[in-house]
Amino acid sequence: MSHDHEHDHGHVHADHDVSQHDPEAAERNKVPFYGKRIYAIRDLLIKKGILSREDVQREIELMDSRSPANGARLVAKAWTDPGFKELLLRDPKAACAELGIDASGVTEVAVVENTEAVHNLVVCTLCSCYPRTILGRPPDWYKSFAYRSRAVVEPRTVMREFGTVLPDSVEVRVFDSSADVRYLVLPRRPDGTDGWTEEQLAALVTRDSLIGVTEAKTPEAAAVTAS
Amino acid sequence: MKFSPGQKVKVKMGEPQGHVRTPTYVRGKEGWVERVHGEFRNPESLAYGGNGLPREPLYMVGFRQQDLWQARYAESPSDNLYIDLYEHWLEGVPNA
Amino acid sequence: MGGRPTSEQLNLAEHALADWEVVTDAVSVALGAKGLRTTDELRRAMEDMPADEYLALSYYERWARGTEQLLVEKGVLTRDEIDRKMAELEPTWEVS
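So the sequences go chain by chain: A, B and C. Numbered by my numbering, the letters in the first sequence go through residues 2 to 228 in order. Numbered by my numbering, the letters in the second sequence go through residues 26 to 121 in order. Numbered by my numbering, the letters in the third sequence go through residues 2 to 97 in order.
Please note that the accuracy of each hint is not assured.
One-sided and incomplete, this derived list gives chain A residues near chain B with beta-carbon spacing under 7 Å [to be verified]:
1) V154
2) E172
3) R174
4) V175
With a straight-line cut-off of 25 Å between C-alpha atoms, the simulated SDA-like cross-links for lysine to any residue are [unchecked claim]:
5) A/K94 <-> C/D81
6) B/K27 <-> A/V110
7) A/K31 <-> C/K35
8) B/K35 <-> B/Q91
9) C/K75 <-> B/Q91
10) A/K144 <-> C/K86
11) A/K78 <-> A/K31
12) A/K48 <-> C/G33
13) C/K86 <-> A/E55
14) C/K75 <-> B/H44
15) A/K218 <-> A/T116
16) A/K94 <-> C/K86
17) A/K31 <-> C/L18
18) C/K35 <-> A/G137
19) A/K94 <-> B/K35
20) C/K35 <-> A/V119
21) A/K94 <-> A/S129
22) A/K31 <-> C/Y55
23) A/K78 <-> A/V182
24) A/K86 <-> B/G63
25) A/K49 <-> C/A57
26) A/K48 <-> C/D81
27) C/K75 <-> B/L78
28) A/K31 <-> C/K75
29) A/K37 <-> C/Y55
30) A/K218 <-> C/H16
If you are wondering where the hints come from, they were derived from the structure by calculation, not from laboratory data. Built from N, CA and C at the ideal position, the CB exists for glycine as well.
Looking at chain A on its own, in the form it has when it is part of the complex:
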C-alpha cells in the first residue's frame, strides 16, 4: 500500500488521510478508535517536539526497506558458500552486515538450520516477536492467537495448513521466541538445484520457509508459479 507523506498543506491530516483521495479505501479501511487516536498522539508528540515528522517518516521508510528478500539472500549465499554458512550460524548479524543488511539493533538473532533429521519452526507465544530488522513485518497469521496457541502443541497440524507434511522420524523443533533472541530458519536446499546462481536460489526461499511453516520451494513448484 502506498502512503504518500510528502505534502503538508498545513492540514494536519492531508498527508495521510486516504479518505480525502480515495473514498473506497476509507470504506475498506474503516479506521477504528485506536487508529484515529494514534494520529492525535502523533500530532501531539510532534507539536511538543518529542518526535519530529522526520523521525516518524524515517521509521516508515526503514521498515519498508526490509523484506523477506533479505532472508532469501542470506540463505542463498549460505547454500553456496560453506564459510558464509558457518558465519551465518555463528554470528548472524555479522553475516547480515557482509551482505549490506543492517540487522544491528538491541535484539540478538539466531539462525537454526533445517537438516535431514530436524525441521525448525518459529513462534512467539507471548506476543509475536519476529526478526523484523531483517525480514520486515510478520504476516497476519503469525500474529494470530490461533498460531500462537497451536504452534507449540500441534506444530505438524499447523504446518499441514500450509501444505507441509514431514515424516514422524524427522524431529519437528519449535522455537518459542520468549526473550531477546529472534529466530530465523535456514531451510534445506532443494534437490535439482546444482549449479544454480545465488539469485536463482534466492527465488526459492520464501518468507514462510524462513519462519519454518514450509520448506523452500522446489524448482518444479517455482516453475509453476512463474508460468
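The hints should help you fit chains B and C onto chain A, whose structure is shown.
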C-alpha cells in the same frame, strides 16, 4: 553462570505478579540446557522502567514435547520444543 | 497463549497495512529509538490490558493502546489532551 549445555534443568512453578517471560506451559517442566545465550538485562524489571540490572544469564532450554504436554501431544515422539528462559526461573535437577 | 485450547484454523489471508497501522508502528519504534519506551515496557503495557479487550482488539490496536498507556504513565501526554486532540481531528474523518 549456574548451568551449562547438556545439564538437566527444571522450570520453577509459581504465579508471579506482573510481567514475566516464562509461559505457563513450561512451568514445573523438566528439560535440558541446549545453549547459553549470554547475559541480558532482566525484562521483568525493564517492563516497569527499571534498569534491568544486574544482567542475568539467558538459556536456550529444550524439552521433549511429550514431557511438556503428555497425552495431549498427539504428534511425533521425535519432536522437541526450545524456549529462551532466564536463570532465575530455572533450578538444577538431581542426577537421575 | 501457548497451548491455549483452540481448533481455530489459521487465516492465511494477508492484508496490506492501513495507514494508521503504519503510523502506529512508526511512532512506537521512533519512541523506542529516543529511549522513551522499551520493548519490555510495551509488552507489559499490552499485557496490562483487561483480557476481554486484549482478545477483541487487533494487533496494531493493541500496540496503539499500549503506546498510549506508556506515554500517559510516563507523563509525556495526558489522556485529556489526547481526547481533546482526537475530538479536534474528528471532522477530518468524514468522507467528502
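Which of the listed hints are not met by the structure?
5, 7, 9, 10, 11, 16, 19, 20, 25 and 28
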